[in-house]
Each structure stands twice: as C-alpha cells, then as structure tokens.
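Let the hints inform the model, and build the full structure from the sequences given.
In this text, residue positions in the sequence shown follow the numbering used here: the first is 157, and each later residue adds one.
These are calculated hints, taken from the structure and not from any lab test.
Keep in mind that the hints are not guaranteed to be accurate.
[Unchecked claim] In silico BS3-like links for lysine-lysine, alpha-carbon gap of 25 Å or less:
{"id": "1", "residue 1": "K206", "residue 2": "K188"}
{"id": "2", "residue 1": "K229", "residue 2": "K188"}
{"id": "3", "residue 1": "K206", "residue 2": "K166"}
{"id": "4", "residue 1": "K206", "residue 2": "K196"}
{"id": "5", "residue 1": "K206", "residue 2": "K229"}
{"id": "6", "residue 1": "K225", "residue 2": "K166"}
{"id": "7", "residue 1": "K196", "residue 2": "K225"}
[Claimed, not checked] Cβ pair distances, simulated, as ranges:
{"id": "8", "residue 1": "L226", "residue 2": "H267", "range": "18 to 26 Å"}
{"id": "9", "residue 1": "A190", "residue 2": "L284", "range": "24 to 32 Å"}
{"id": "10", "residue 1": "P171", "residue 2": "D215", "range": "19 to 27 Å"}
{"id": "11", "residue 1": "S246", "residue 2": "G202", "range": "24 to 32 Å"}
{"id": "12", "residue 1": "G202", "residue 2": "Q276", "range": "40 to 48 Å"}
{"id": "13", "residue 1": "T254", "residue 2": "L284", "range": "19 to 27 Å"}
Computed from a prediction, not measured in an experiment: that's the story for all the values here.
Ideal placement from N, C-alpha and C gives every residue a C-beta, glycine not left out.
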Amino acid sequence: MSNPTLDPNKIKSKPLPASLRSIIERLEGVRKFAPSQVRKIILEAGVEPKDLQPWADFDHPAEDSYGRKLVYKGDNFEIMVMSWRPGDISTIHDHGHTQWGCVQVFGPAEHATFRLEDDQITTLSRVLL
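Written as structure tokens, this is what we have:
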C-alpha cells in the first residue's frame with residue numbers, strides 16, 4: 157500500500173488526529189476493499205472516542221434522529237461520525253452500493269438486520285454492540 161499525502165480538499169475539518177490520518181493514508185492507496193483488510197486497518201489505527209469528539213453532534217435537531225458529520229471524503233470511501241443520544245434511532249435502511257456501514261462503535265448500540273419479501277418485513281437478527 158502506498159502512503160500518499162492527504163489532499164486537504166478532501167478533509168472536511170482540521171486537524172485530524174493521528175488515528176484517522178493513519179486510516180486515510182492506508183485506505184487511499186486501496187482500490188478494492190476487503191472487509192477483513194479494512195477492519196485490520198481500523199483496529200491498528202487505535203481510534204479512541206476522544207479522536208471523534210470534534211465531529212460528535214449530540215445537539216442535532218430531533219427530526220434528524222441522530223447526528224452525522226462528514227470527516228473525510230475520498231475517491232473510494234468516506235469517514236463519517238454518527239452520534240446517537242439515548243432514545244435516538246435510525247430508521248430501517250440499506251447502504252446502497254456500499255459494502256458496509258458503521259465499522260467502529262463506542263457505547264451501547266443495537267444493530268438489527270431485516271429482510272423485505274412480498275411486502276413483509278422479517279427481523280433476521282438483533283445484536284447489542
């Protein structure tokens with residue numbers, strides 16, 4: 157993997173902590189992502205809650221149902237920080253053509269997977285993260 161210089165036009169807020177810079181630098185050189193590879197890169201970066209605090213948005217409008225801030229937008233990936241207060245929700249949704257959604261969680265959260273078939277929604281799994 158290459159270690160390119162970060163394009164300042166892609167950084168949505170400055171400065172970036174070392175953990176996020178590490179993830180960006182390692183992922184920018186990748187054209188085809190493998191979930192295990194991305195997981196390894198994120199775990200090795202050692203992201204801590206304090207690293208994400210500048211993008212936390214717990215004072216979001218109630219109609220937004222949770223806070224969401226873009227940290228970095230690359231050619232093939234984005235880094236976003238999502239913030240939920242107790243009682244906040246995310247409606248049932250998919251991530252379109254993306255391979256995954258959230259990859260690191262701090263604090264209690266529940267993730268549910270559903271199937272829509274013949275206009276019937278079935279819960280496939282519920283996991284406390």
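Verification of the hints:
no.: 1; hint: K206 <-> K188; verdict: violated (30 Å)
no.: 2; hint: K229 <-> K188; verdict: holds (16 Å)
no.: 3; hint: K206 <-> K166; verdict: holds (22 Å)
no.: 4; hint: K206 <-> K196; verdict: holds (20 Å)
no.: 5; hint: K206 <-> K229; verdict: holds (21 Å)
no.: 6; hint: K225 <-> K166; verdict: holds (14 Å)
no.: 7; hint: K196 <-> K225; verdict: holds (23 Å)
no.: 8; hint: L226 <-> H267: 18 to 26 Å; verdict: holds (21 Å)
no.: 9; hint: A190 <-> L284: 24 to 32 Å; verdict: holds (26 Å)
no.: 10; hint: P171 <-> D215: 19 to 27 Å; verdict: holds (22 Å)
no.: 11; hint: S246 <-> G202: 24 to 32 Å; verdict: holds (26 Å)
no.: 12; hint: G202 <-> Q276: 40 to 48 Å; verdict: holds (43 Å)
no.: 13; hint: T254 <-> L284: 19 to 27 Å; verdict: holds (23 Å)
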